[in-house]
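Chains as they are written, first to last, in our numbering: chain X, 1098 to 2098; chain B, 12 to 197; chain C, 116 to 206.
Any given hint could turn out to be false.
Claimed, not checked - Listed next, the stretches of chain B that the computed footprint assigns to chain C, with coverage defined by at least 3 CB atoms under 8 Å from CB atoms of chain C:
#1 148-162
#2 182-194
To be verified - Sample of chain B residues lacking proximity to chain X, with all beta carbon distances greater than 10 Å (derived):
#3 K23
#4 Y25
#5 E32
#6 R42
#7 K54
#8 E63
#9 K102
#10 K130
#11 E134
#12 N172
#13 R179
Treat the hints as calculated values from the structure; they're not laboratory data. Since this is a predicted model, take the numbers as computed values, not measurements. Backbone N, C-alpha and C define an ideal beta-carbon position, used for all residues, glycine too.
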Amino acid sequence: MSKNLRITNNKFIDQTTKISFKFDGKTLYGFKGDTLASALLANNIHLVGRSFKYHRPRGIMACGSEEPNAIVQVGNDASITEPNTRATEIELYEGLEASSQNCWPSVNFDIGAVNNFFSPLIPAAFYYKTFMWPANFWKLYEYFIRKSAGLGKSPTEPDKDIYDHRYLHCDVLVVGGGISGIMAAKVAAKSNLNTVLIDDKNNLGGTTLFQKNECFKINSFYSNDWLRKEIETLNSLKNLTIKTRTSLAAYHSYNYLLARENLTDHLDLNEKRDKIRQRLWKIRAKKVIIATGAMERPLIFSNNDRPGIMLSSSIKKYIDYYGVKCGQKISLFTNNDSAYETAISLNNSGVIVNSVIDIRNKTNSLIVKQAEKLGIKIYWKSSVVNTSGYKKINSIEFMKLSDDATTVIGKKIKEKCDCLGISGGWTPRVHLFTQSGGKLKFRDVDNVFLPDKSELDQISIGSCNGDFELDDVIKNSVNLTNKFLKINNNDYENLEIISSKEIDKKNIWLLPSDKPLGKTKQFLDFQNDSTANDVKLALREGFKSIEHVKRYTTTGMATDQGKLSNMHALGIIAETAGVKMGELGTTTFRPPYTPLTFGTIVGRNVGEFFDTTRKTPIHEWHVENKAEFENVGQWKRAWYYPIGNENMHEAVQRESKAARDSAGILDASTLGKIDIQGSDASEFLNRIYTNAWSKLEIGKCRYGLMLNEDGMVYDDGVTTRLSENHYLMTTTTGGAANVLSKMEDYLQTEWPELDVYLTSVTDHYGTVSICGPNSKRILTKIIPDLDLSDKEFPHMSFKNALIDNIKCRVMRISFTGEHSYEINIQSSYAKSVWEKCFEAGKEFNITPYGTETMHLLRAEKGFIIAGQDTDGTMTPVDLQMDWIINKKKYDFIGKRSLYRSDTIREDRKQLVGLLTDDPNEILEEGAQIVSETNSQPVEMLGHVTSSYYSPNLNKSIALAVVKNGKKLKGQKMFVPMKDKNISVTITDTVFLDKENKRLNA
Amino acid sequence: MLNFNSPIMDTKEYSEIKISEVEPILKINLRGKSRDFITKIGKELSIIPPTESNTSSGNENLNILWLGPDEWLLYSNNKIDLNNINILENKLFNEISKAKIGSVTNVSDHWIMINLKGKKVFELLASGCPFNFNEFKKTKGSVTQTLLNHIDVIIHNKNINDLNLFVRRSFSNHLWSWIKDSSRFI
Amino acid sequence: MFLINCPYCGERDQSEFSAGGEAHIVRPKQPTELSDDQWAEFLFMRKNIKGVQFERWNHAHGCRKWFNMVRDTSNDKIHAVYKMGEKPPIK
């Protein structure tokens, strides 16, 4: 560490705690409280990266989130490396490893730097223009461009860190913990409002925290001392929550804000483990006070991008806060008073200030007089015209400005320096205000955009609202807060404030040079390497809209969203095009304010919590019996139960055969179940389903098809009449929630006169389905006193029963075509009943089967699955299910649509069966169907919706939708695949047991 | 005998948070619009179903939670005798549903009740629930239906830092895992 | 993310709700007597305007009630919510 760059009397940095870190492989030291940037500067390292396009050496420029150059890669572990972080925001910790991003092979010797010499050949939109042709070469170009573009490295392994989300509701959110934010938060909290104050730094106070200057005093204290006392009193406020290291990322409508809190990034490497790294706060605030301050602007002149050229206020922070000298001989270049604060701070710390070069005519504000008193040399009405030094600035040249400030005149003065502070005035941080939809207004006197109209309950105070003088900040912040919160706090009345006032203001967006514009480079956007000339070129090429110029030149489109560059770009455009800046408007700032890690956005929704999972009450049995699971919606359903080394096909063939030959058992608990009660229940079902329900006897079940108003099949299922006014409806697994919501919709909005109540009971019942020729024998063993004769308990009927004294409902219904029962019992007993059935069925080789076998068995019978064989474009007629439409009913949902001109077309796609000529050929679901294979293009007639190999028929079967399919029965078709055309024949949809004999077997 | 299985059967303790599944609890969904319905329920249970939103009523044995302008959840304060589980349901069904003044549906196994206790329960909820608990936590008996980690839940404020949370049985394992995971970081 | 004032439950986060399209489209009482064109008008035609719009919303993860909302689609401002069957408080 170059000792002479660190001053010792500093209370913010703990100079007793030394911290070692690595930068570009080299071990360096800093102190507790440093940022990576301040530690690098203390080590006399300015050069931290190369520019994006020309690969020019770039140094640390700022001290906060607006930093455009010091973009580094942190960590070199494959799982925790993070690109695009700002060295100015990284708090130093033991073990930190960081490296420069945009350079190859190293920051000191960069191959891409040849671009700089060819730079006249790389104008605005160079990449757009050059790599357009030939179009298919882009892949090749892209590889090389990306390699040298400096976009950082992505981690290659999953992120090991833990992230978290938290909701927060408060009365008042204050964003920004500078002097105005602190006062506003205090005023709010003292008025009994639940207040939250957030700041992105590790402590509150903003720039006032280190403002120790005779020209800024409050009640005869230096402003920093006064503010420190204010901060101390905050701890006693009960209603106030303070969150530091928390940066506001997004401000959405309805005062919904997202803030990222850094919890472990500042901790030593070994202290980070098993803790939440970053937390995303989802804040809902009744009122929002924005106190985000202002950013210093750079100045735009020739070669204004060399390492060592920094924002003047940042140099001040490095000396006053971090105790770091950014140079030994510093020059300052300004258009306003704030550079004099820096000059005084440097002077007080024993740093040589060469001179202050000011574009204004001599001015006599308090602070200027103070600087003069200290003997600081000032060149009035002058402008820097060039800088020298390749990897670090070593001198500047400046000249007098002409009276109209359009040219430079007189003798060129050269001044040696190792650092140049620049100050182009201040830009209020209105980013959050505009993110929230607020409209800006332009103030001509100092060229700033300020918050104007907003739809939300919010205000901006302090310098983000355009107050730049200490007394204005204090007075206006408190007044605005009082008014906004409708309170009357007088804590800050009668303060005695000394504040230097800026008397003269002058601004030149693009400073004149002694060289023609095209011969030098004046950088606007340091991160994206766009120059003043690029913007002018874009205008010459005909771009007018600021949004277009921005995209064409990429000004303001880097990871910093042009925090430092946007105002100058606008200024130069306005000037060149001859329009007023206020009329030109500005580009839109979008969230996040600073980049967020993916981890923060995702939070705990990773791994097991990536998606919600639902389990049936019998789930554990399936797990114990080695079932493979399938995701059906959020449900985990048993897919098939492999024995030994069986693959899915083998297991499904075995299960399917067993179910038809003897007995199978299926967990059908996922089916949606809706309890329907009320005197109009039957009428309601008449309107919901396509078939008639009034005459369904108590104790009987009926299959129903539900349509949308457009006539398309929506869902299906069996509904049972439990008593006169009481039904139990089942829905498909995936459709349960939507069906309930749709039915509630009709009851609440279209038919409020109906006396019907719906209650979901999906999770209340577990459903055990046993099927096959031996199912009756098994059920008899379990419920011996139930008469299972076809006469007493025929197909499509239900009985109440008791199993070991527990009430259950047994439905004799079938989705496989086999003799089959479904036992519905409250979920707590479902697993036990399943085990009992399994035990009772052992002598019949009862075989558990999963969803795949269920699908195969129903396909053999030609039963549809809503959502697989239908896709929202199939009417019941298309499905050849005309029998289920009750034409006598006056109305039901979708009825009128069934005879629209489109739905009665004969050439609609209709559901058919398909048999392959080769019975062993299994079609792919989704495969297209054509009638001939020779012509091109060939007409696609339809596609396969379900396809299986049936072990019960010993051949491949499929369901498909085919144009005009009903009339094509017996016709040959082709299913073209990548390597062959498969010949198929269109058939009936029912492949097995057309007479339904098995139902009563 | 059939075995009774609840999905969680567990209790966990963290600093300032204790979570436990409490089952079997009787739960009955009640729906009705008329004054008759309210009166009848009041007569049968000696508790008037609350008509004010987000509130509950109850006595030593039973609670009635407001779920909507025509819907309530009745649940027992204590674990119930599995042999008598249908008595209250049958009685109410006969008086309400059969009398055509509303509906009565047993949902004892549709919902699983999880008790959350401790000073930090609201911080736990805030890690996955968009609902504003600021007023809720001050009001004993308040009720809300909302989302917790994207899952529908009903939350009943029984007492200071003592909540009953109802979640659909099929989601309960997942939510339980999530609660355990989140409690680690509170 | 809106903050929606459910007419039954009060202010809740938007994530508890689902949107249900344009409001005040009454299902014809006698669909069978309508021409194809008239039925298509009911079935398909929606205003989808920029500006103040009447919408249906459902408090899906709360009380499950449907209600109406007056919302300005240009700035997402919700001007009013009201129960089904009630007249819009704003024209």
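| query | With d taken as the least Cβ-Cβ distance between K54(B) and chain X, does d exceed 10 Å? | reply | Non-interface label on K54(B) holds, nearest chain X Cβ at 20 Å vs cutoff 10 Å.
K130(B) and chain X, when compared Cβ to Cβ, separated by more than 10 Å: 16 Å, holds
**Report entry** Beyond 10 Å from every chain X Cβ - status for E32(B)
**Finding:** Given that every Cβ of chain X is farther than 10 Å from that of E32(B), nearest at about 12 Å, it holds.
| query | Is E63(B) truly not at the interface, in the sense that its beta carbon sits beyond 10 Å from all beta carbons of chain X? | reply | 21 Å, holds
Hey, is E134(B) genuinely clear of chain X, shortest beta carbon separation above 10 Å? The claim is violated: E134(B) sits with its nearest Cβ about 8 Å from chain X, within 10 Å.
Is the claim that R42(B) lies outside the interface with chain X correct, judged by CB distances over 10 Å?
4 Å, violated
Note to self: According to the definition I'm using, a residue is off the interface if its beta carbon is farther than 10 Å from all beta carbons of the partner; does Y25(B) meet that for chain X?
What the structure shows: Since the minimum Cβ distance to chain X is about 15 Å, Y25(B) lies beyond 10 Å and the statement holds.
| task | Just double-check K23(B) for me: nearest Cβ-Cβ distance to chain X has to come out over 10 Å. | result | Label holds. Min Cβ-Cβ 16 Å, cutoff 10 Å.
ask   = Closest CB-CB distance from K102(B) to chain X, is it above 10 Å?
value = Non-interface label stands for K102(B): nearest chain X Cβ at 15 Å, farther than 10 Å.
Beyond 10 Å from every chain X Cβ: check whether that's true for N172(B). Non-interface label stands for N172(B): nearest chain X Cβ at 18 Å, farther than 10 Å.
Exercise. Are there three or more residues in the region 148-162 of chain B whose C-beta lies within less than 8 Å of some C-beta in chain C?
Worked result: holds (count 4)
| For R179(B), which was marked as not at the interface, is the minimum beta-carbon distance to chain X over 10 Å? | 5 Å, violated
The structure shown violates the earlier hints numbered 2, 6, 11 and 13.
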